[in-house]
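A.B. asks: Protein chains in written order, with the working numbering: chain Y, 9 to 238; chain P, 41 to 295.
Note that these hints are calculated values from the structure, not bench results.
Hints are supplied without guarantee of correctness; some may be wrong.
Pairs of lysine-lysine residues, derived as DSS-like cross-links and limited to a Cα-Cα distance of at most 27 Å, are as follows [what the hints assert, rightly or not]:
(1) Lys168(P) to Lys151(Y)
(2) Lys151(Y) to Lys121(P)
(3) Lys97(Y) to Lys151(Y)
(4) Lys161(Y) to Lys177(P)
(5) Lys237(Y) to Lys190(P)
(6) Lys197(Y) to Lys190(P)
(7) Lys199(P) to Lys147(Y)
(8) Lys168(P) to Lys157(P)
(9) Lys151(Y) to Lys177(P)
(10) Lys192(P) to Lys197(Y)
(11) Lys27(Y) to Lys151(Y)
(12) Lys151(Y) to Lys46(Y)
(13) Lys242(P) to Lys237(Y)
(14) Lys101(P) to Lys168(P)
(15) Lys199(P) to Lys148(P)
(16) Lys113(P) to Lys151(Y)
(17) Lys177(P) to Lys190(P)
(18) Lys253(P) to Lys242(P)
(19) Lys197(Y) to Lys148(P)
(20) Lys151(Y) to Lys165(Y)
(21) Lys151(Y) to Lys136(Y)
(22) Lys118(P) to Lys237(Y)
(23) Lys68(Y) to Lys97(Y)
(24) Lys242(P) to Lys151(Y)
(25) Lys237(Y) to Lys65(P)
(26) Lys147(Y) to Lys177(P)
(27) Lys108(Y) to Lys165(Y)
(28) Lys199(P) to Lys197(Y)
(29) Lys113(P) to Lys237(Y)
(30) Lys45(P) to Lys147(Y)
(31) Lys65(P) to Lys53(P)
DEER-style ranges, computed between Cβ atoms [what the hints assert, rightly or not]:
(32) Glu22(Y) to Ser254(P): 27 to 33 Å
(33) Ser254(P) to Lys97(Y): 54 to 60 Å
(34) Lys151(Y) to Gly164(P): 24 to 30 Å
(35) Glu43(P) to Pro131(Y): 53 to 59 Å
(36) Trp268(P) to Glu15(Y): 40 to 46 Å
(37) Lys92(Y) to Tyr155(P): 35 to 41 Å
(38) Ser35(Y) to Phe176(P): 57 to 63 Å
The beta-carbon is built from N, C-alpha and C at its ideal position, and this holds for glycine as well.
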Amino acid sequence: MNRRWRETFLMWTESDEYKSRVAEAISIIKQAFGKYQKPYCSFSGGKDSLVMTHIVTSLKPDVDVITLDYSRTFVPLRYLIEIKEIAKKLSWNHQVIRSKILESSPNDGLPVMLQVLNYEVTPYLLKKGFDVVFVGLRKEESKWRELRIRNNKRLTKLPEVYPIAEFSWMDIWAYIISQELPYLSIYDKYGNIMGWENVRFSTLFDRELDAFGNSNIDGFFSYRYRFPKK
Amino acid sequence: MNEEKEYIYFADKILNGVSGRWKRKWNYEPLEVRVYLATPLVLNHPWIHIDGVLSHLSLRKALGEDYYLLPAKYPISKLTKNLQLPTFPIRFAGAIPQASISFFDDVKPRSEVVYKKLEDRWLGIVKKLYHGSGYFKDYAMKHIYLPTPKVKFYVVGDKDGLKEILSELVTLGDNSRLGWGYVRNVEIIEIEEDKSIIYEGKAMRPIPVRFCKSWSDSFLLAWRPPYWSTDMVEECVPPGAEVELLPETIEKMKI
Chain Y
9 MNRRWRETFL MWTESDEYKS RVAEAISIIK QAFGKYQKPY CSFSGGKDSL VMTHIVTSLK
69 PDVDVITLDY SRTFVPLRYL IEIKEIAKKL SWNHQVIRSK ILESSPNDGL PVMLQVLNYE
129 VTPYLLKKGF DVVFVGLRKE ESKWRELRIR NNKRLTKLPE VYPIAEFSWM DIWAYIISQE
189 LPYLSIYDKY GNIMGWENVR FSTLFDRELD AFGNSNIDGF FSYRYRFPKK
Chain P
41 MNEEKEYIYF ADKILNGVSG RWKRKWNYEP LEVRVYLATP LVLNHPWIHI DGVLSHLSLR
101 KALGEDYYLL PAKYPISKLT KNLQLPTFPI RFAGAIPQAS ISFFDDVKPR SEVVYKKLED
161 RWLGIVKKLY HGSGYFKDYA MKHIYLPTPK VKFYVVGDKD GLKEILSELV TLGDNSRLGW
221 GYVRNVEIIE IEEDKSIIYE GKAMRPIPVR FCKSWSDSFL LAWRPPYWST DMVEECVPPG
281 AEVELLPETI EKMKI
């Protein structure tokens, strides 16, 4: 990220909107801690879950942080290593869950995702005693996500809490820069061209995201991961 | 039409379409192909392969209207693999086509979004069409946009043969149906040095590692046309990486 953007985001941290949203996130998390016994943070490695997990762990450092490994077809090993390094650097209680369904799946993540969550991930987490999950979803991302947050439409049996639901993309980057958090290298690669408001970390060459033209962009930037080595 | 009949039909069409090339004698020499563009280029891969463009144009010429009826169940390489085809205006060093990837002027890529949306309010129907999925689905397609006026390729080939095929080149790059990458002019210039496979110790195109002695980087890439087919994917040295070829590969590169 260049100096001008860094300065812009740092200036944004002085604004009342930013301060009120961070305070709101903290109060949501504190409420959840009072209500539930064993929460965990769902950390994908992306910028939103990074901010969400950092706020949660700053309040309760021993909280479990869990990453679902989307398999080498969708997330190159390099990025999984980076995710692990970020968690290690921030001294989180981090764990990566592998999915047999995703590992055996061809390049088509969408139809199997609910199957993975409901038949592989959630039963394992319930067995471990988790009773709530912190999810880094934001209303700004899409209409569907806004409805999901507003109606509290959870994907699995586990109750979901959305601490950063009201955050904007500016708030996210402002938090990352002000707290000097390490973030994935893919953001610097895509951000300069796509814009910091559109940049994302998601599964690569995924048919789920074809409607948004993302495989075109991945084909240009991440061509070396088009055919993963088995 | 069953698969066997389909195979015979298209194989015959291809063989008849390229039969004129049997009599041709190619005068191979190092060349630089310059494609001047009228509209900006859009890419979904960092480079374009000139041999891929040429084989696409030759196949389209050979098959005529039948090109648009080609079976979608299997790649075209399954058809052409066992056919005895005449030589091409591009020289092959053993198996590697002597054609480099595309080189652009120093331009900064940008991202552009194109929206595909059906405006059903003009259709005069009462029923509302669903745009979330299915036939009328809306798309927001992001593109990588390169405002380059010129694309350069280095080949070892026959000047007249290339000119003949490239005269039919209308567009380059992705999404030309939206108006991107229209070709204004093609220029073929004779050069002294062969820059098609390797130049100044660096790979100019994907080279399978089995043809190399040493390399600085490698990953899975398609290295022969059709480049979209997974049949052609092999561990390759990517363009720009430092590479040293095996002596027998260097020997085959000599004209």
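A.B. asks: Hint by hint, say whether it matches the structure.
C.D. replies: Now the hints, each set against the structure:
| no. | hint | result |
| --- | --- | --- |
| 1 | Lys168(P) to Lys151(Y) | holds, 20 Å |
| 2 | Lys151(Y) to Lys121(P) | violated, 49 Å |
| 3 | Lys97(Y) to Lys151(Y) | violated, 34 Å |
| 4 | Lys161(Y) to Lys177(P) | holds, 24 Å |
| 5 | Lys237(Y) to Lys190(P) | violated, 35 Å |
| 6 | Lys197(Y) to Lys190(P) | holds, 25 Å |
| 7 | Lys199(P) to Lys147(Y) | violated, 59 Å |
| 8 | Lys168(P) to Lys157(P) | holds, 14 Å |
| 9 | Lys151(Y) to Lys177(P) | holds, 16 Å |
| 10 | Lys192(P) to Lys197(Y) | holds, 25 Å |
| 11 | Lys27(Y) to Lys151(Y) | holds, 25 Å |
| 12 | Lys151(Y) to Lys46(Y) | violated, 30 Å |
| 13 | Lys242(P) to Lys237(Y) | holds, 24 Å |
| 14 | Lys101(P) to Lys168(P) | violated, 43 Å |
| 15 | Lys199(P) to Lys148(P) | violated, 31 Å |
| 16 | Lys113(P) to Lys151(Y) | violated, 37 Å |
| 17 | Lys177(P) to Lys190(P) | violated, 35 Å |
| 18 | Lys253(P) to Lys242(P) | holds, 13 Å |
| 19 | Lys197(Y) to Lys148(P) | holds, 13 Å |
| 20 | Lys151(Y) to Lys165(Y) | holds, 23 Å |
| 21 | Lys151(Y) to Lys136(Y) | violated, 33 Å |
| 22 | Lys118(P) to Lys237(Y) | holds, 24 Å |
| 23 | Lys68(Y) to Lys97(Y) | holds, 17 Å |
| 24 | Lys242(P) to Lys151(Y) | violated, 48 Å |
| 25 | Lys237(Y) to Lys65(P) | violated, 42 Å |
| 26 | Lys147(Y) to Lys177(P) | holds, 23 Å |
| 27 | Lys108(Y) to Lys165(Y) | holds, 20 Å |
| 28 | Lys199(P) to Lys197(Y) | violated, 40 Å |
| 29 | Lys113(P) to Lys237(Y) | holds, 24 Å |
| 30 | Lys45(P) to Lys147(Y) | violated, 56 Å |
| 31 | Lys65(P) to Lys53(P) | holds, 23 Å |
| 32 | Glu22(Y) to Ser254(P): 27 to 33 Å | violated, 54 Å |
| 33 | Ser254(P) to Lys97(Y): 54 to 60 Å | violated, 35 Å |
| 34 | Lys151(Y) to Gly164(P): 24 to 30 Å | holds, 28 Å |
| 35 | Glu43(P) to Pro131(Y): 53 to 59 Å | violated, 44 Å |
| 36 | Trp268(P) to Glu15(Y): 40 to 46 Å | holds, 44 Å |
| 37 | Lys92(Y) to Tyr155(P): 35 to 41 Å | holds, 38 Å |
| 38 | Ser35(Y) to Phe176(P): 57 to 63 Å | violated, 44 Å |
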